[in-house]
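K.L.:
The task is to assemble the complex, starting from two chains supplied on their own in separate frames and drawing on the hints.
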Amino acid sequence: MSTESAPAPQSGTAEDVKQGPRIAVSALTTNLREYGLIIALIVIMLFFQYTTSGTLFKPVNLSNLVQQNSFIIVMALGMLLVIVAGYIDLSVGSVAGFIGALAAMMMVIWPLGIFSNPLVVSIVCLIVGALIGAAQGYWIAYHKIPSFIVTLAGMLIFRGICQALLGGGSSVGPLPDSFKALSSGFIPDVIGPLTLIPPTVNAAGKTIVGSGLTLHMTTIVLGLIAVLAYAYFGFRTRRKRERHGYEAEPFPLFVIKTLVGSALALFLVFQFASYRGLPVVLLVMGVLISLFVFVTKRMTIGRRIYAMGGNAKAAQLSGINTERLTLLVFINMGVLSALGGLIIAARLGQAVPAAGLGSELDVIAAVFIGGASAMGGVGQVIGAVVGGFIMGVMNNGMSIMGVNVDWQQVVKGLVLLGAVIFDVYNKNKA
Amino acid sequence: MASTILEMRDITKTFPGVKALSNVNLSVEEGEIHAIVGENGAGKSTLMKVLSGVYPSGTYDGQIIFRGQECNFKGIHDSEHMGIVIIHQELALVPMLSIAENIFLGNEHATYGVIDWDANEARTAALLKKVGLKEDPKTLITNIGVGKQQLVEIAKALSKEVKLLILDEPTASLSEKDSQALLDLLLEFKRQGMTSILISHKLNEVNRVADKVTVIRDGRTIETLPRKDISEDRIITSMVGRSLDDRYPPREPQIGEVIFEVKDWSVYHPIHAERQVIKNVSLNVRKGEVVGIAGLMGAGRTEFAMSLFGRSYGRHITGEVLHRGKPVDLSTVSRAVANGIAYVTEDRKTYGLNLIDHIKHNVTLANLGGVSSRGVIDDMREMSVANDYRKKTNIRASSVYQLTGNLSGGNQQKVVLSKWLFADPELLILDEPTRGIDVGAKYEIYTIIARLAAEGKAIIVISSEMPELLGITDRIYVMNEGRIVGEMAASEASQEKIMRAIVRGEGKKAS
Numbered sequence: 001m002s003t004e005s006a007p008a009p010q011s012g013t014a015e016d017v018k019q020g021p022r023i024a025v026s027a028l029t030t031n032l033r034e035y036g037l038i039i040a041l042i043v044i045m046l047f048f049q050y051t052t053s054g055t056l057f058k059p060v061n062l063s064n065l066v067q068q069n070s071f072i073i074v075m076a077l078g079m080l081l082v083i084v085a086g087y088i089d090l091s092v093g094s095v096a097g098f099i100g101a102l103a104a105m106m107m108v109i110w111p112l113g114i115f116s117n118p119l120v121v122s123i124v125c126l127i128v129g130a131l132i133g134a135a136q137g138y139w140i141a142y143h144k145i146p147s148f149i150v151t152l153a154g155m156l157i158f159r160g161i162c163q164a165l166l167g168g169g170s171s172v173g174p175l176p177d178s179f180k181a182l183s184s185g186f187i188p189d190v191i192g193p194l195t196l197i198p199p200t201v202n203a204a205g206k207t208i209v210g211s212g213l214t215l216h217m218t219t220i221v222l223g224l225i226a227v228l229a230y231a232y233f234g235f236r237t238r239r240k241r242e243r244h245g246y247e248a249e250p251f252p253l254f255v256i257k258t259l260v261g262s263a264l265a266l267f268l269v270f271q272f273a274s275y276r277g278l279p280v281v282l283l284v285m286g287v288l289i290s291l292f293v294f295v296t297k298r299m300t301i302g303r304r305i306y307a308m309g310g311n312a313k314a315a316q317l318s319g320i321n322t323e324r325l326t327l328l329v330f331i332n333m334g335v336l337s338a339l340g341g342l343i344i345a346a347r348l349g350q351a352v353p354a355a356g357l358g359s360e361l362d363v364i365a366a367v368f369i370g371g372a373s374a375m376g377g378v379g380q381v382i383g384a385v386v387g388g389f390i391m392g393v394m395n396n397g398m399s400i401m402g403v404n405v406d407w408q409q410v411v412k413g414l415v416l417l418g419a420v421i422f423d424v425y426n427k428n429k430a
Numbered sequence: 431m432a433s434t435i436l437e438m439r440d441i442t443k444t445f446p447g448v449k450a451l452s453n454v455n456l457s458v459e460e461g462e463i464h465a466i467v468g469e470n471g472a473g474k475s476t477l478m479k480v481l482s483g484v485y486p487s488g489t490y491d492g493q494i495i496f497r498g499q500e501c502n503f504k505g506i507h508d509s510e511h512m513g514i515v516i517i518h519q520e521l522a523l524v525p526m527l528s529i530a531e532n533i534f535l536g537n538e539h540a541t542y543g544v545i546d547w548d549a550n551e552a553r554t555a556a557l558l559k560k561v562g563l564k565e566d567p568k569t570l571i572t573n574i575g576v577g578k579q580q581l582v583e584i585a586k587a588l589s590k591e592v593k594l595l596i597l598d599e600p601t602a603s604l605s606e607k608d609s610q611a612l613l614d615l616l617l618e619f620k621r622q623g624m625t626s627i628l629i630s631h632k633l634n635e636v637n638r639v640a641d642k643v644t645v646i647r648d649g650r651t652i653e654t655l656p657r658k659d660i661s662e663d664r665i666i667t668s669m670v671g672r673s674l675d676d677r678y679p680p681r682e683p684q685i686g687e688v689i690f691e692v693k694d695w696s697v698y699h700p701i702h703a704e705r706q707v708i709k710n711v712s713l714n715v716r717k718g719e720v721v722g723i724a725g726l727m728g729a730g731r732t733e734f735a736m737s738l739f740g741r742s743y744g745r746h747i748t749g750e751v752l753h754r755g756k757p758v759d760l761s762t763v764s765r766a767v768a769n770g771i772a773y774v775t776e777d778r779k780t781y782g783l784n785l786i787d788h789i790k791h792n793v794t795l796a797n798l799g800g801v802s803s804r805g806v807i808d809d810m811r812e813m814s815v816a817n818d819y820r821k822k823t824n825i826r827a828s829s830v831y832q833l834t835g836n837l838s839g840g841n842q843q844k845v846v847l848s849k850w851l852f853a854d855p856e857l858l859i860l861d862e863p864t865r866g867i868d869v870g871a872k873y874e875i876y877t878i879i880a881r882l883a884a885e886g887k888a889i890i891v892i893s894s895e896m897p898e899l900l901g902i903t904d905r906i907y908v909m910n911e912g913r914i915v916g917e918m919a920a921s922e923a924s925q926e927k928i929m930r931a932i933v934r935g936e937g938k939k940a941s
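One line per chain: the protein sequences are A and B, in this order.
Per this note's numbering, the first sequence starts with residue 1, numbered consecutively.
Per this note's numbering, the second sequence starts with residue 431, numbered consecutively.
Rather than coming from a laboratory, the hints here were simulated on the basis of the structure.
Among the clues, some could well be false.
[Claimed, not checked] Pairs of lysine-lysine residues, derived as DSBU-like cross-links and limited to a Cα-Cα distance of at most 30 angstroms, are as follows: (1) B:642 - A:240; (2) B:658 - B:693; (3) A:257 - A:240; (4) A:257 - A:144; (5) B:607 - B:717; (6) B:779 - A:427; (7) A:240 - B:821; (8) A:313 - A:427; (9) B:607 - B:709; (10) A:297 - B:779; (11) B:504 - B:693; (12) B:620 - A:144; (13) A:313 - B:709; (14) B:479 - B:449; (15) B:642 - A:313; (16) A:144 - A:313; (17) B:593 - B:693; (18) B:620 - B:504; (19) B:620 - B:658; (20) B:568 - A:313; (21) A:313 - B:821; (22) B:504 - B:607; (23) B:822 - A:297; (24) B:693 - A:313; (25) B:479 - B:709.
The structure displayed is predicted, hence computed values, not measured ones.
If we strip away everything but chain B, and leave its shape as in the complex, we get (with noise of 0.2 angstroms):
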């Protein structure tokens, strides 16, 4: 057996109100392809970034050592220094730069700052032939496709010396085939004796390549398996076996009639245009119902609820919306709001809230004609509905004029809430609605879906953590690649079988 290169011991991550890891151990040998598999949010990055240096040693309890020597690295330059490299899951590469300019970025070939191209360009298509890429080093990164990029993205850790290559879910945009080349260079590059972490969800892969696989759920480690241990069901079950406590509010779901549904809606990339991101997509939803949508991430359930509200995303939008049984318009964000239909994003920095602008303003946003006549706004009503929404969604504020920006994830996110429950929408489409907020803010967002549920409105909550949706849907949608790939009674829902389905769906796509 081969010498360990990199034991982490005892790594505990806390970050305000989370501990993202606890106790986490994790033994790699050198010369071996080594996964890590755990549901989205099960720390699987984040021990990446403790390794990576990204959270800079100190901010972190426990040792790394590689290659028998403790490290406490303050950035991800003294991990690079040591060997160490990692792929991210978002290529960072500068489009409209060339290969080998990207191989080379900060570290080119220069003599007092006099840039060498020749000597760039000769080690750039030498790295270029042991990933297999048949480029031009001179040609633009935007010219070429995913696939290829990430064979550059290998390229450039090839260049600075790797010891160990962490592949952070690197198949998850990649078509199949291309995915295919890429495991086939991976155990191409143990055969010459290098060490790689791959981080994967897609299990058929690291059946396929692993040498050893780790599960990690909730921030900790649950076991590692050896290769003859090696199974999808024992990974699953290793993945999710857990159980439910109370950590969702009760309620007793009073069910009605259908009030929205989709009827095979489809949607492509807006960029490329030959992609379809969703693909025939049917589901409803009643009254007084809170139906999941799960899957995981990029399984296209943030692209399908954004083009629905008022084609927000996407192209060539086909398919049909039925509300109560007639067909709608939702072709303007205005429209839909107009139909019913809200939609609170999963990314409230960006999409959700004006940060530069108080409670108030940004609570009657979406329903100004709520608080105004002939478009003169009435300072004294838009302050009452401010305060009222403050006091339901139990927002904590000094007063409902501080600034968005100034609150927590958690009272930010009651903002949005606030904002689409004026709108007073019959669809509320809650978007990832517990992301990034801590454990008690989360309650509260329960409780505010369980009331407005038995209020009488239809809601839709996307969510990649299954617990969650087990705990406060009635029924649950599975999504995977843009396809509905299950429908289950939250009663009769587990997450294996949630999981069961996803990679089911996969699976499917690669026979």
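Pulled out of the complex, with its shape left as it was, chain A reads as follows (with noise of 0.2 angstroms):
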């Protein structure tokens, strides 16, 4: 042993040269969970467009899918943070329930004068939610009390909170009309309407409501604006990467990758343009999405939360102030929670007992099934919305098909589970 003579360093130069091809085939393997999430969206979409005599395109039906599925995804974008840091958070549904509650007390019962308008009770109901957040996290964090445990005990509190403030079993609404466009409303066309197809006008002199078709404009502007805007930022990446000498993704891939993916939005678009325009909901759904991508990807406070769900201890030796960081995440969530609490209830026009009851496993299935680990440290923004999107078309799709709200859950528990074995299964052939 003493004889052994150190070896001359070796240059690492030799490996650098050749990186593009095996750059290539990795950036396909590592996205290949998010295309195969996307693509099975795609997939379960057909189906139900098939099974369902082509009612799920409808425009008419693509606004209820996502005026009934937007809480749903805005709550899954906190709790992917949630989940990413390694905890979980079980009240959201039961705080979404009471702050709808809150919302509508404070709107139609309690006497507040001008502090009944609606903007300023979302305010209000939002800093409620924030409150709540920090106080579920303060013990997470500070007193290192299971994540578990301390949301199992919000989700009691703050549904028996509910029920109480509507007192009973009696809901409260109905809920004033500028509040309820959250959830319904549409975004006005400050363009104007352009019709292509004048509606078929009846014998009696009465337009036949749904023939012809008339183009929401600001709608088609809005969605080719965001298309160009996916087009122009993603080959502005490329290029810089180029320009540093970093290989991203072949060029074709790139190429088909963001034609496919401009062609679904622009789809999207024309359906949503066809009815009544995009959905108030589908736009605050859209900034909240492209925020937290933004957040997750490329801030600094993003990269602490992977830090901290992959390994807390070295987080915290590498000078990341974990318990701060771990509060800051159940604020957010608190936040979102309220925020979907006022969704549901602006959908119903009315706050009940049950409203959001049991929406927190549909969030946290969403999740899973977006690709998060339960150990904490993995899961993509779009994977949580995707997952989402999946619940949803199935809810969606089964409910037109008529299929039985007990074999729905039957179905969804399947997809769940099987999501999960196919992620362990890939990471262990990995």
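P.N.:
Dropping the structure here:
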């Protein structure tokens, strides 16, 4: 052993030269999960499009689909961070229910004068959501109480308060129309409609609802801008990488990806435009999704959350304040739960004691279907969103098909299990 | 003379890149207490793992003959069946179960899975009497001290009809009184005819109880001393008698002014609040200097470093740290980093890396500010930083997108080092920087250390490998049981001198 001579350090440059193809392959395999998920969503949509005889993609149904599932997606954004950070939050459904009740009481029952204005009420409700998140996060972050237990307690507490607030089993409403617009409204057409095919007029001189084709031009323009921005930024990032000598993915793959993505987006935009335009809630969702993609992919705070979920001790010893970060993750979850609660109340037009009941499970399922790891440190925003839509499309499609609610649950459970088994299997193979 | 109970012949055990044992011979006679001594990493524990079947037959070369029978143990169950029981340094008791439940765990008196608690407790009481432990069998393990837990482990061994009892550093975490009691118990067992193997580096204890001492160094048997030849001097010479060779890169130290100075640093145990882990430690380190902290495992070196680095260990921390003569606040990790300190952990998998993320993200984690502005990460800057450090520290990976969990130990260590180099510290504390990595990677790490010192960084190296400290440092502090017990220039130091400082430190406490 003592005679061993030290080997001369090898140069690493030989490995640098031909990296292109290898990176291309690795880019494909690392993104396979994400692409696979989107492909799965498309397949599921096509399946239901077929089994519902074309109802699924009808403009009115697409709007319904978005309005019914938006609160799940919104809460899934927060839940993704919670799960990536290595925690869980079981209280989101109850918090949403409580906030809905609070909003209804403030707007309808309590004599608050000017403070019963929907905008003021919404802001107050989001702040209350933040406080709830902070209260739960405090015990989890600074006293190391398991998040499962703290939020299980929260789930019971806020459901109870929600029911008490509404005075037992009764519902409170109706809520003002300006508030309901959050869920059931559409963006105004500031450009003005474009009639491609005039609606058919029947013998009595009345137009037949649904006939003809009139496009909501603001929606079309917004959609075009979004698609162009998507293509432009994708291309710019690519150019930047190339300039620095880092090959990202093969050009044809990039082109196909961008074209397919744009075509799908334009198709959906067209469907919305031919009905009443973009639902307000879809716009809210789109902004939030973009924000969370940016935070998780580009911002230091996002990076720190992944590091904390991957190895909390190592993160702490790298100078990351894991306690404060945990608190922030739960405050964020609280705000999004509150927003979810407002969306539910706005859609129903009233607050009911069972609002959001059991939705925490849908939210958590969406995140796991989206590829997040229950151990923390792994998960993507887009994955959670697509996971949420997979759940939503299945709900919607099976309802149209007339599948019994009991069996819908069975199918959703199987899909969740299947998605996670697929993940674990893939990981072990790698 | 009694007959030979155990004979291990020509045992050779190789790990990837390292020969842990080469042609080790050990012969133990019935009824004796046989001590095995050697430095950390000499191969003592590996040898015992071979003997007890932790490394199953076939993964090593050589023969084990126990009570006249050649043994090919497939696992710990086989060796226990033959009556060989090993008690490890880290106790393997379940804290929230009772003494009786622990003793018969996996071996309960039961019929069809229904446990006969009365029988278990009656037998436990008898066993506890044998080891001289006055505790109710129903007492939970968590409610008794470490010394008593050690006795429970021995009682557990006795319950298995033990023929050969192996104790791996049994007194490492015991107080002086408990240690004495344990040694007395060993002598009592000897009178009853039991054979034991005692692994220890506390030479005064070996001196007291052993009939024979076998010295192991660098995975080889050096010699076996009979009772009459046992003396501390003799053992120390035998343990460390080795010359340094050119396993270390040459360097010409250029040492400047004192950069960091620690004064009167004291730390208490995070759970056992009355136990003082670090006792009034003072030391300093200069610009361009590599300072070593020598000591045996459990001397408190890691605890010292971690308590310094953002109070990541311990409670009731008192003392002062001066940075260029001015007191600095190191009370959180981010403050310590901001004040120019970096700590490279001894346990890179648990404390150093996010194993499920790739090299790039790990390298920048301690200094995200360096690759971002207003909280937004510049992907290109991060990429070039990661590639830069990958070249500087010669990390062998297909790209910076390789997961750190899939790297070899040496390359993982280089990633952790890169992370801290990117944080640009003035003082770098390296805790066991070459543990568990192969010889080639070790040389690379030494080269990096030498280069950093030449760039003017102050470096503290904590290591249990004395040759390493002698080879790469300029000055060495010796630490034992939470105290600094010696300080010497590396040029004047020797393994013998370090070992003496440690042993004397222990002797002081005993008297």
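K.L.:
Run through the hints listed earlier and report the numbers of any the structure violates, in increasing order.
P.N.:
1, 2, 4, 5, 11, 12, 15, 17, 20, 22, 25
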